[in-house]
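K.L.:
Using the sequences and the hints given, assemble the complete structure.
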Amino acid sequence: MKKKGLPLILFFLVVIMSYPKTTIAKNFENDAVKVDICIIGGDNHFVYKIPKHLHKDTPYVEMKNNIESSLASHWKIGDARYEAHQTDVAYTFSIKDLINEKQDGQMKVAIPYTFLVGMFGENDAIQLRILASKLIDWKANSKDWATLGFVAPPTYFSEQEYVYEGEVNELLQQRVGHFNGTVMKGQMVLQSVIYFSFIIAQFIACIILSRRLKKRIIEDPENMHQFRKLNYLYQIIPLMIIGVQIVFLVMSGLLTAFGLYFSPGIDLVLIIGPIVFNIILLPMFFVTIENEISKELESNSFGSDM
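Mind the numbering: the sequence shown is residues 418 to 723 in our numbering, read in order.
Each hint should be verified, as a subset may be incorrect.
Claimed, not checked - Pair ranges (Cβ atoms, derived): (1) E713 / K519: 53 to 61 Å; (2) K525 / R645: 53 to 61 Å; (3) V606 / R629: 17 to 25 Å.
To be verified - In silico lysine to aspartate or glutamate, EDC-like type, Cα no more than 16 Å apart, as pairs: (4) K631 / E582; (5) K513 / E485; (6) K513 / D448; (7) K519 / D554.
It is worth saying that the hints were derived from the structure and are not from the lab.
None of the values given here were measured: they were computed from a predicted structure.
Even for Gly, the Cβ is constructed at its ideal location relative to N, Cα and C.
P.N.:
Okay, structure coming up:
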């Protein structure tokens, strides 16, 4: 009986010990103001996610104006908007001059915490999250992020993130956050080569599959009755290549790295250009092959009548 009761006692001890931590974590999650700093190139912005119960009697428009007024004391604010969700209200502010310096893949960002979170109470819980491209090597105040209270949870998409959790006054004691970023050119070149290689893959796939479609119908003209079905069938792989290309763009970090490294306009061409080109290749090959099939079948039919 003693041996059987021991695991049960241990289980209850573990539950009791973990309960306060779980409760604290849940309370922090419910009461914390979340601030996202998105350093993503041409569209850098701050997002404040404030739980609805923390608004009390403050209207959403007034809250937006209060935050915007504080931010405008230091940054040039572009678009400002808010969106009410089930449990919180998200306030988004476009920051035109977030990056202080940007040259040859080197970037510097300075964030005075007084203007960023000074509108909240000093004892309020806050979660500060910095989002940036995986292809940018960021350093904070020339120190390790961990020494400043930031953690870097693993991410699977194009952004890496650094998260700080604590009270507002703890963040204000650091005064200004200096973040220096360097584009990892070697990795960016490698990822760019892979990204542009999808054009070659699409070109080869369209050539092979369109010619196979033509051969199948020419050898058996009865298949022409279900040409549309066969046409869609042979386009599945080229469509999959476009899908994989888009996923790679998001997962690799190029989506944000291009925006941070190149000037506006050039980054858009590099991001969208290869995808648009692959989309154009698809009908170009299959429409051309459809015309060739029609002409060849007409020619064969005319030859047989003679």
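K.L.:
Confirm or reject each hint.
P.N.:
Verification of the hints:
The hinted range of 53 to 61 Å is satisfied by E713 and K519, whose Cβ atoms lie roughly 57 Å apart. For the pair K525 and R645, the beta carbons lie near 57 Å from each other, so the given range of 53 to 61 Å is met. Distance hint check: the CB atoms of V606 and R629 are about 35 Å apart, inconsistent with the given range 17 to 25 Å. For the proposed pair K631 and E582, the alpha carbon gap of about 62 Å is over 16 Å, so the pair is violated.
Between K513 and E485 the alpha-carbon distance is near 13 Å, which keeps this suggested pair within the 16 Å criterion. As the CA atoms of K513 and D448 are separated by approximately 30 Å, the hinted pair breaks the 16 Å bound. Pair hint K519 plus D554 holds up; C-alpha atoms about 14 Å apart against a cutoff of 16 Å.
Checked against the numbered hints given earlier, the structure breaks hints 3, 4, 6 and satisfies all the rest.
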